[in-house]
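Chemist: Chain by chain, the residues:
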Amino acid sequence: GESVGLHLPTLSVQEGDNSIINCAYSNSASDYFIWYKQESGKGPQFIIDIRSNMDKRQGQRVTVLLNKTVKHLSLQIAATQPGDSAVYFCAEITGGYNKLIFGAGTRLAVHP
Amino acid sequence: GAVVSQHPSWVICKSGTSVKIECRSLDFQATTMFWYRQFPKQSLMLMATSNEGSKATYEQGVEKDKFLINHASLTLSTLTVTSAHPEDSSFYICSARNPSGGYNEQFFGPGTRLTVL
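First to last, the protein sequences are chains F and A. So the first sequence is residues 267 to 378, counted in my numbering. So the second sequence is residues 8 to 124, counted in my numbering.
Mixed in with the good hints there might be a few duds.
[Said to hold, decoys possible] Cut-off 20 Å, straight-line C-alpha distance, at most; resulting in silico cross-link-like pairs (SDA-like, lysine to any residue):
#1 F:Lys308 / A:Lys27
#2 A:Lys48 / F:Pro378
#3 A:Lys48 / F:Pro275
In case anyone wonders, no lab produced these hints; they're calculated from the structure. No experiment lies behind these values; they were computed from the predicted model shown.
The shape of chain F in the complex, shown without the other chains (with noise of 0.2 Å):
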């Protein structure tokens, strides 16, 4: 199920489960999105992208949805492993600079 801590909220899922991983962006004008795993003690690491222009993604066991209407975009992860158990991010691509900005975060949590 799905919890909040004190700051980042947790999903546990049974190993081999799918896992659903949401995020709410901030900026109706961002044109790009990435989804970032980090684990702990790492800088982050890219999984996935998806441009405005598109509403779903597929990567290798891995599916990014975006819905612009409500500015809400999920990482979707298909037989999760105890591998994938990290902190993942949401970041938007905005500015000049083509500056990333991160969302919340969600602390995946994998069980054998």
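Using the hints provided, position chain A relative to the given structure of chain F.
Modeler: Below, chain A alone, put in the same frame as chain F:
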């Protein structure tokens, strides 16, 4: 993907001292680098955009005299935390953008954990 390194990976310093953190792009030339800070269990907050050969652009609320950024070459940006205090303790992460790549060609360093006693 491309490699971005940071040095040191962790540092402990006394209050009032200054600490320099280096960010290097190892296999491409980065005209633009970004500096973020991250408190425990929180998201990454953009501090500044570092442009090679020019002054950094700081985000609102970030003290430019406190966090000095120098982007002296196409592969190196440095962040100096001046007169550090315990509240500056955080995880500092840089990223470098490959100018010949697309929007997703922004690569992150492994981060530097700063602890100010």
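Chemist: For Lys308 of chain F and Lys27 of chain A, compute the direct alpha-carbon distance and say whether it is at most 20 Å.
Modeler: 19 Å, holds
Chemist: Check whether the Cα positions of Lys48 of chain A and Pro378 of chain F lie no farther apart than 20 Å.
Modeler: 24 Å, violated
Chemist: Next pair to validate is Lys48 of chain A with Pro275 of chain F; report whether the Cα-Cα distance is within 20 Å.
Modeler: Judged against 20 Å, a Cα distance of about 9 Å means the pair holds.
Taken one by one, the earlier hints fail for this structure only at number 2.
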